[in-house]
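Asker: Using the sequences plus the hints, can you model the full thing?
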Amino acid sequence: MVRGQLFGCKNAVYFFIISNSPIEDSVNSKSPPPTKKLLLICSLLVINSLSAVARPVLRWGGDPSGGAPYVFADPANPQSYTGFDYEFAEALAQQMGMEAKFVPTDWESIVASLQRKEFEVIIDGFEPTEDRAREVLFSKPYYLFRLQVTTRRSDPRIKSLEDCKKLGIPVGTLVNCAASRLLESEGYKSVGYQDPVGAYQDLELGRVDAVLMDVAGEMFYARQNPKLKPVGEAFHTGAYVVGIRKADKELLAKVNTAIDSLADHGTTEKIFRKWQLWNDEQLSLRTSKPAEIKVTGTTLNWSEGLIKLSKAALVTILIAFGAMAIAVVLGVPLALGQSNGGKIISALCTVYIEFFRGTPVLVQLLFLYFGLPVIGLTLPGWLTAVIGLGLNYAAYESQIYRTAFQSVPARQWHVAYSLGMRPVQAFRRIIFPQAFRVALPPMTNDFVALFKDTSTAFAIAVWELATAYRELANATQSYLGIGLVVCCYYLAMSLPLAHYAHRLERKLQRKSTGIISSGADK
Amino acid sequence: MITIKGLTKTIESTTLLNNVNLELAPGRILGVIGPSGNGKTTLLMCLCGLLPFEKGSITVGDRTLRAEQSEARSETLWMFRKKSGIVFQHLHLFPHLTVLGNITEAPVQVNGTPKAEAEREARALLEKLGIDQHRNKFPEELSGGEQQRVAILRALAMNPEVLLLDEPTSALDPMRSDDVRHLLKEFAATGHTVVIVSHSVRFLSGFADQLAFMGRSEIIEMNDTKELLENPSDPRTREFLHRSGLN
Numbered sequence: 000m001v002r003g004q005l006f007g008c009k010n011a012v013y014f015f016i017i018s019n020s021p022i023e024d025s026v027n028s029k030s031p032p033p034t035k036k037l038l039l040i041c042s043l044l045v046i047n048s049l050s051a052v053a054r055p056v057l058r059w060g061g062d063p064s065g066g067a068p069y070v071f072a073d074p075a076n077p078q079s080y081t082g083f084d085y086e087f088a089e090a091l092a093q094q095m096g097m098e099a100k101f102v103p104t105d106w107e108s109i110v111a112s113l114q115r116k117e118f119e120v121i122i123d124g125f126e127p128t129e130d131r132a133r134e135v136l137f138s139k140p141y142y143l144f145r146l147q148v149t150t151r152r153s154d155p156r157i158k159s160l161e162d163c164k165k166l167g168i169p170v171g172t173l174v175n176c177a178a179s180r181l182l183e184s185e186g187y188k189s190v191g192y193q194d195p196v197g198a199y200q201d202l203e204l205g206r207v208d209a210v211l212m213d214v215a216g217e218m219f220y221a222r223q224n225p226k227l228k229p230v231g232e233a234f235h236t237g238a239y240v241v242g243i244r245k246a247d248k249e250l251l252a253k254v255n256t257a258i259d260s261l262a263d264h265g266t267t268e269k270i271f272r273k274w275q276l277w278n279d280e281q282l283s284l285r286t287s288k289p290a291e292i293k294v295t296g297t298t299l300n301w302s303e304g305l306i307k308l309s310k311a312a313l314v315t316i317l318i319a320f321g322a323m324a325i326a327v328v329l330g331v332p333l334a335l336g337q338s339n340g341g342k343i344i345s346a347l348c349t350v351y352i353e354f355f356r357g358t359p360v361l362v363q364l365l366f367l368y369f370g371l372p373v374i375g376l377t378l379p380g381w382l383t384a385v386i387g388l389g390l391n392y393a394a395y396e397s398q399i400y401r402t403a404f405q406s407v408p409a410r411q412w413h414v415a416y417s418l419g420m421r422p423v424q425a426f427r428r429i430i431f432p433q434a435f436r437v438a439l440p441p442m443t444n445d446f447v448a449l450f451k452d453t454s455t456a457f458a459i460a461v462w463e464l465a466t467a468y469r470e471l472a473n474a475t476q477s478y479l480g481i482g483l484v485v486c487c488y489y490l491a492m493s494l495p496l497a498h499y500a501h502r503l504e505r506k507l508q509r510k511s512t513g514i515i516s517s518g519a520d521k
Numbered sequence: 000m001i002t003i004k005g006l007t008k009t010i011e012s013t014t015l016l017n018n019v020n021l022e023l024a025p026g027r028i029l030g031v032i033g034p035s036g037n038g039k040t041t042l043l044m045c046l047c048g049l050l051p052f053e054k055g056s057i058t059v060g061d062r063t064l065r066a067e068q069s070e071a072r073s074e075t076l077w078m079f080r081k082k083s084g085i086v087f088q089h090l091h092l093f094p095h096l097t098v099l100g101n102i103t104e105a106p107v108q109v110n111g112t113p114k115a116e117a118e119r120e121a122r123a124l125l126e127k128l129g130i131d132q133h134r135n136k137f138p139e140e141l142s143g144g145e146q147q148r149v150a151i152l153r154a155l156a157m158n159p160e161v162l163l164l165d166e167p168t169s170a171l172d173p174m175r176s177d178d179v180r181h182l183l184k185e186f187a188a189t190g191h192t193v194v195i196v197s198h199s200v201r202f203l204s205g206f207a208d209q210l211a212f213m214g215r216s217e218i219i220e221m222n223d224t225k226e227l228l229e230n231p232s233d234p235r236t237r238e239f240l241h242r243s244g245l246n
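Protein sequence lines, in the order shown, are assigned to chains R and A.
Using numbering that gives the first Met the number 0, the final residue of the first sequence is 521, and nothing's skipped along the way.
Using numbering that gives the first Met the number 0, the final residue of the second sequence is 246, and nothing's skipped along the way.
Worth double-checking, as some hints may not be accurate.
Computed Cβ-Cβ distance ranges for the label pairs, DEER-style [said to hold, decoys possible]:
#1 R/358 with A/17: 52 to 60 Å
#2 A/135 with R/350: 42 to 50 Å
#3 R/448 with A/114: 39 to 47 Å
#4 R/331 with A/139: 26 to 34 Å
#5 A/65 with R/354: 43 to 51 Å
#6 R/358 with A/70: 41 to 49 Å
Calculated directly from the structure, the hints in this document are not laboratory data.
C-beta: ideal position from N, C-alpha, C; glycine also.
Answerer: What follows is the structure, encoded as structure tokens:
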């Protein structure tokens with residue numbers, strides 16, 4: 000089944016997909032008078048014969064999540080998309096005699112998705128960079144952008160981007176874009192975000208103190224916010240181009256011709272004016288050539304990359320240990336409350352446990368990170384990850400404890416009591432050690448799983464190992480090489496843990512495995 | 000010394016013990032016999048303060064537990080529990096502790112006896128029963144008979160006034176071995192009391208000073224062993240002994 004699908008995909012003409020019903024769509028709803036109808040049918044027949052039944056489809060990729068004003072779900076009609084890139088793509092396809100088909104994708108891995116042939120062109124505020132130039136072809140630029148620094152209105156410290164470097168203030172930006180590469184190459188501390196919404200929200204909440212973003216995004220997300228202000232002039236001219244696979248030289252020529260035509264007809268200007276992003280600078284595009292656009296970018300320096308990954312691994316370790324500490328401790332009252340608390344406490348514990356086990360941890364993290372500030376509780380990303388994962392795993396630990404304690408026969412309590420032990424003594428010396436042996440293997444399992452679950456923290460802009468992998472791999476397109484290295488990092492963390500737990504288990508096991516004389520007395 | 004007055008225990012309207020009275024002098028070994036399900040184990044559990052009861056009182060040595068004190072977690076209950084030690088039918092040794100650990104855990108933790116001293120005393124007891132060589136093994140490494148000896152020593156190490164044994168003859172029969180019997184006789188001879196619940200009348204006949212026959216949730220009759228076996232006064236006792244193959 001899967002093989003068949005892959006095969007079919009390979010055989011498909013990859014930038015033309017024949018659409019099934021192009022004509023019917025254009026004749027919908029209105030019913031004109033008979034003569035006009037006849038005329039319409041005749042003209043349709045002509046068009047039909049001219050366009051050989053159907054127009055080919057141009058699949059283009061863009062990230063609609065937080066993607067305004069490039070491409071985003073239309074708030075007025077969430078079923079469909081809008082944005083200047085959306086309109087530009089429509090116009091471009093039409094100019095090429097094709098039909099635009101939008102393929103929503105993830106911004107960070109957009110080049111990889113292009114290579115996987117999920118779509119034929121990237122149209123998403125895509126900047127030509129050196130590293131991308133190794134992977135894709137760039138069309139002529141269709142828009143010139145600038146970068147803008149934004150801070151909080153109440154923050155007097157930052158007057159320019161350079162101030163951030165002087166003051167050692169990390170700058171928030173979108174991952175995998177010209178701004179992030181600029182910050183990196185100039186030696187700024189930066190915080191990578193998946194979308195502009197998160198970056199500006201964190202700026203407002205004080206989790207970061209400055210954000211560097213393309214003016215287009217800044218205009219849409221920050222300019223209207225009374226708490227934020229642009230700092231200094233927009234700078235660093237870059238260009239948006241269309242990204243195309245290396246092999247598709249023919250398509251590149253067509254796209255370039257179409258971009259020129261759209262500029263000549265004023266279609267480009269019309270679109271960007273509509274989004275209030277037009278300026279006279281854009282006129283220079285008519286005369287400039289792609290080669291003249293300044294290319295920004297970095298190549299992977301392996302030793303620096305490894306240092307970066309090591310730092311990220313350290314963050315992963317800290318999150319995992321912090322979260323496990325919370326889970327291990329919080330699991331105890333949950334387990335006790337659920338099995339021994341009164342009706343109400345038991346019900347509350349059950350609700351907690353089922354909530355955290357029944358909803359995805361990713362959703363819980365997003366909820367804590369973006370939801371809690373609404374009620375005035377703003378935590379930094381790493382702390383949110385520690386707490387969120389801790390709360391989540393506490394639910395699992397509580398269940399492990401519960402079964403572990405249930406596995407200790409009630410008679411063990413009786414014996415301890417008959418020897419004069421108080422409840423706390425009996426618990427600490429007799430019950431707990433036995434339950435612990437039962438709980439240890441599943442707890443180890445959970446801890447290893449937790450290590451891997453720290454990767455969900457990328458969603459809340461925590462710079463841990465998985466985030467670092469995506470970032471480095473995207474910058475270099477070396478998913479395989481860096482991926483193997485990252486796997487080694489994860490294994491280097493989880494294997495010693497598993498080994499140590501196994502040894503501890505064996506040590507405890509040597510102290511007898513089962514309760515031979517178990518079973519109820521009469 | 001044990002005195003039980005009007006002991007009544009019910010669980011969900013089922014009467015397990017109905018107005019049980021019993022008087023046992025120090026230095027005596029009492030065997031409790033009777034068909035199963037008649038409350039013998041329940042009586043032992045009440046005697047060592049592990050099971051709350053509704054009416055009556057139990058006195059062990061100088062400590063008395065009244066019905067209303069048998070439920071609440073209180074100092075009275077803790078102190079009462081220390082008066083007697085129990086060996087359960089299935090022993091329930093602490094699987095995470097060695098033989099020595101099983102025996103010394105309570106003296107060290109509850110009485111605050113220095114560990115070295117507790118271990119010295121434990122080893123003296125282990126030697127008496129000839130299992131000192133097993134002191135560093137874990138319970139699962141021992142035979143059933145060895146486990147039972149450890150369970151007895153664990154209870155004796157707290158130096159209780161009364162030792163309670165629930166069906167000690169069920170599986171293997173270390174109770175028939177001379178050193179265990181000798182140890183219990185010696186324990187009784189020093190002014191302590193032993194209560195043994197057993198279905199084996201044959202075993203008790205040669206070991207217990209006194210026998211009590213328990214019918215449905217009450218003590219039907221109690222007498223010196225020889226007297227009860229030879230001249231049971233109640234027809235129910237007679238029938239039980241007859242079915243047991245004695246008499």
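Asker: Each hint: holds or not?
Answerer: These are the hints, each one checked on the structure:
no. : hint                         : result
1   : R/358 with A/17: 52 to 60 Å  : holds (55 Å)
2   : A/135 with R/350: 42 to 50 Å : holds (48 Å)
3   : R/448 with A/114: 39 to 47 Å : holds (40 Å)
4   : R/331 with A/139: 26 to 34 Å : holds (28 Å)
5   : A/65 with R/354: 43 to 51 Å  : holds (47 Å)
6   : R/358 with A/70: 41 to 49 Å  : holds (42 Å)
Violated hints for the displayed structure: none, as all numbered hints are satisfied.
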